[in-house]
Every structure is written in C-alpha cells, then in structure tokens.
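Colleague: For reference, the chains in residue letters:
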Amino acid sequence: MKIRMKRLLILCSAMLCFAPFCLGQMPVAPAAAPKPITDADVAGAPAPTADVRAKGDPDGSLTGTASDVAVSDTKKGATIGDLVNQAGQNKIAINFVWTLVTGFLVMFMQAGFAIVETGLCRAKNANHTMMMNFMVYGVGMLAYWLIGFAIQMGGVGAVANLGGTPPLNAEHVMTLFGKPFGIFGQNGLFLVHRGTYDVAVMVLFLFQMVFMDTALTIVTGAAAERWKYAAFVISSFLMGAFTYPLFANWAWGGGWLANLGTNFNLGKGYCDFAGSGVVHAVGGITALAVSMIIGPRIGKYERSGKSNAILAHDIVLVLTGCFILAFGWFGFNPGSTLGASGNGNLRIGSIAVNTMLAGMAGSFGAMLYMWLRYNKPDASMSGNGLLAGLVAITAPSGFVNPVGSVIIGVVAGVLVCLSVEFVDRVMHVDDPVGAISVHGTNGLWGVLSIGLFADGKSNYGGSWNGVSGSVTGLFYGDNGGQLVAQLIGIATLVGFVFTLSFVFNLLVDWAVGQRVAAKSELEGLDLPEMGVLGYPEFELKAEM
Amino acid sequence: MGLPEGQTLGKFRKLRSSESMMIFVGILITLSGFVISVLSLALNSNAARLAVVVLGLAVSLFGIVGVLNRAYLKDAIWKKG
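Residue numbers (our numbering), protein chains in the order written: chain A, 1 to 544; chain B, 1001 to 1081.
Don't read these hints as lab results, they were simulated from the structure. Incorrect hints may have been included.
[To be verified] Think about it this way: if two alpha-carbon atoms lie no more than 30 Å apart in a straight line, the pair counts; the simulated DSS-like pairs of lysine-lysine are:
1. Lys-55(A) x Lys-1074(B)
2. Lys-1080(B) x Lys-75(A)
3. Lys-306(A) x Lys-1079(B)
4. Lys-76(A) x Lys-91(A)
5. Lys-1079(B) x Lys-457(A)
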C-alpha cells in the first residue's frame, strides 16, 4: 500500500512539473519577428509567363496578377510603393466607377419622368410635353456647365471618396452672428476655370449635373399643357444656373446650412443625404411658383371653383415610367455616398434597401387611402405614392433603419393624396401630374424626417458635415438640435427658394409671357408650339 | 366653352395695380419668413430656436398661400367663365 502511495505521489509530482508545458502556460521564447516584405519580394512575386497566358484563361485564375500592378520603374520591377499606390488607385477607381454608373442610372430617370408626365397629360399635348422633358436635359446641362456647377461646388473642398477635389476650394463667405456663412462657390466655370480640368471634378460634375436636371424636369410636369415653350427654356436655364445651385451649395457645397452643426451646435448641421430638399423640394417649390403664375388649364375649374378631373391619356406609360424612376432611384440614393470603398460606404446596401422599402410603403399608403376614400385603388395616385415614398426617403436614406424607412414611406403615400387635394381644391393651383405634392410636399417631409428618425448608426468616416459622430434624430435620443437644423433648411426652401423662383418666373412672364394663347391650348400644343403632332394618326378633338 | 379674355393674349397678363401690390407684399412676407428663421440662430436655446423657426415657416406659408395665391385667384380666368 505504501509503495503504491509513493508511486502515486511521484506520478502526481511529475504531472505537476510537466503540466505547465502541457497546458502551454510556461513562458516560451518569443517567436522570431516576421520578416518584413521587401521590394525584392514584391518584384519576385509569381506571375504567369507569356507562354502560359497565350493559352488562354478559361477559369480566370491567371488574369489580374502581380504582372498587372503598375510599375513606376521597369528596371527595378514592382516595389512596395507601387503596391500601395495601386491599392489607393483601386479604391478611388471603385468609387469613380460607382459614382459614374449610379449617375448614369439617374440620367435614365429623365426617360421615366418624360413618360410619366406625358402619360398623365392629354394626347394632344404629347409632343410638347415630351419635348420639354427632352430638352430640359440639354438646357439645364448648358446652364450648369456655364455657371451652375461653379456656384454649387466651387468651394466644396476635398471630396475624400473621389481622391480629393483640390481645385474646388473657393467659397464666397460672409460673416453673420460672428460665424462664417458660405454663400456660393467660385471655381469651376466651364469646367476649366482655376484648375478644374481634373478627373475627380469631372466625376463630381456628371453626378451633380444629373441631380440638377432631375429638379428641373419636375417643373415641366406641373406646368404642362399650357406652358409656352420659349418661357420653359428661359425659366429652366435660370433654374439650372442659379436657383438650384445656390441652395445646393448651402446644403452640399460647403455652404452655411451644412455648417449649422459646426457653427451653431445644431446636430450635424442641415442633412440631406441624396436630395429630398436639394433636388425634389427645390423642383416642387419652383413648380408651385410657376403654376401659380401660369394659372390653371382651361376647363380645370368651373366658375363655382369646383375642380374637374382632366384624365391622363395613357396610364400604361405612367406606371411604366414610375418603374423606370424606381429603378433610377437605386442610383440616386446609394450613389450619393460618392463611393463604394472606404469611409463607411458599405452602407450602400442598407441605403438601397431603405429606398425600395419606402417606395413600396408609399405606393401602399396611397393605394389604401384612395381605396378607402374613393372606393377604387387609383392607378395614377398609386404611382404617385411610389414616387412620394421614394422622394421622402431620399434625404434620410443614409441615416435611418428599415423600420424608419417604411414609416416614412407610408406617411409619404398618404401625404401625397392629402396634398394633391389641398393644392387642387383649396389653393386652386392646377398641377396635371401632382409634381408639387410628390416632390415639394414630400421633399419637405423627407428633410424633416431625418430630425426624427435618424438612428445614429451610420458612420461615414466618423463624422458628417465636419461634426464627429453619427446623424441622430429626436426619436433616437437627440436633443432637438438636428430637428432645428432640418427645420431651418425647410424654412429656407419655403421662404427663400420659393421667392427666388417666383421672382425669376415673374420676370420671364414679363419678358416673353409664360402662357400659350387659349386657342393653342384648346387645339393642343403639339401643332402650335412644336409644329408636329405627337400622335399624327390619332383623331384628336379640340375642346370648344 | 368660351375663351376667357384674359388668357387669349398669350403673353404677360396685365395685372391690376391692387393685385400687383398684393404680389409685391406677398413676396416680402414670404421672404421675411426666411429671415425670421435665420434670425433664430442668434438664440442659444434649441427650444427657442425651434419656436422662432416654426414662426418663420408659418409666415412664409402665409405669404404663399394667403397672399400670393390669393392675388392670382382674385382675378382668375375661370372665375370669369
């Protein structure tokens, strides 16, 4: 027994002695430091030979290798510096391609707007309505290239996602309440002025140009079927050159609204991720100004003030156009990150989903409202509900979660119906396509919703508008500062942008007249204004 | 449907002086709402700023809906039949 105990003690002692080794607790000699990669390692990285490549690469394993890294000195071969430069260029290339492709999607929205507006108008005005939507692209672009882009972005400073845009560095600033107020940019006239012939500036121009044109084309819908073509051209030019760029500078170009956070401690300053305010509210508010000046279509209101419905001529076009717009919106909102790589840009996934959810919720909101109120699920208002949801989510899409998006969309869908009724029956302002309500009213709702629903989870490089942290609304613990910043933006849109648009269009009315002759309006504008019928084989009847 | 006389011109509709004055006043009121909202930045409390901004917004909306739009409705073509 004693011998057994003795053996057991020896065994236990031995186990205690070796246990640390077994359990890895004993200090071990530090491992040799990893050998730093040298230029020689990089230069010696394996790459397929020309013979191997000549046989083709059906599975893609030989394409895109060390041999594709740009080399600064062919004698030395690839160096670590070359690799780092290539990584940086890859990041910016990804962001360039992302921004350009999403810009192309936004450009295609012009087609959606064109057929939505034309479908909602009468057949006798089809050519005129299409031509306004077609030429607003060129008229707006010309104005924006000449001066608009410089006013909007001439002082934006470095746009990190595009590799910096150093030439855009001159903002005109005035001092108010002891703080700097950015008013307009000064570099970038004709895209060559003061060094702006620059690859990053070109990408930024393309993306911002298609946004500006979206705002301009909103007005053509509200003023359709009675707007004199010459007046449309001048009015659109003024909007693309001055009205839109000025507000866009204040919100996106380093202007005073964006800096409400840094200067007055109001949240992260005025926030508008993709343009509910900058694009849609500016367009909708200008549409209201023009529609008020131009007056309603003949036959729209009876002497008693009763409103008559003037029916759309092609609901197929309308709903097809709505789908095109919803498709283009995937460029509008996710593209507004101006990049897919770095600085929290992987939010593009949630931005795209927020966009589609809000559009769905908007169409449901409008369809159910119309169904309950008028006993039919109205097609054109369901389409407008989709657009209203998309408009409303445009500003908050980068800052809210999916539940917030659906709530914002449903509210927008109902709001567009209420607003159409108010504009039509209370204000007696004729808006053939509902543009004032879809873009104006819901643009303002989208701006406001950030101050309520922003969940504080987004993080685009750690700050927004120069204020560190994430954009947070009242429902997620903000002290109300963000909501005030958003309301100041809304007050600027309603008080300043409306006034500027109204005065510009009064001047156009004074100079060339905004409205066509009644005879032309009754016949339809295709022949008197454009010289050719949109549908020459149709039998059209003039109202008499 | 007869052609409203005011619309047959196809150019700048001649507004009566009272309507022109109303439009001028409407523009001033709408713009003053914006100025009031900007003046809220001179305050320190967010609650006070909120109140002043909402006041400015209301003033602008009154200028648009209550004054400018009413000026155009006063002599609207559809009222003449």
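Colleague: A separate judgement is required for each hint: does it hold in the structure or not?
Modeller: Status of each hint after checking the structure:
| no. | hint | verdict |
| --- | --- | --- |
| 1 | Lys-55(A) x Lys-1074(B) | violated (82 Å) |
| 2 | Lys-1080(B) x Lys-75(A) | violated (87 Å) |
| 3 | Lys-306(A) x Lys-1079(B) | holds (11 Å) |
| 4 | Lys-76(A) x Lys-91(A) | holds (25 Å) |
| 5 | Lys-1079(B) x Lys-457(A) | violated (54 Å) |
This entry does not satisfy hints 1, 2, 5, going by the numbered hints stated previously.
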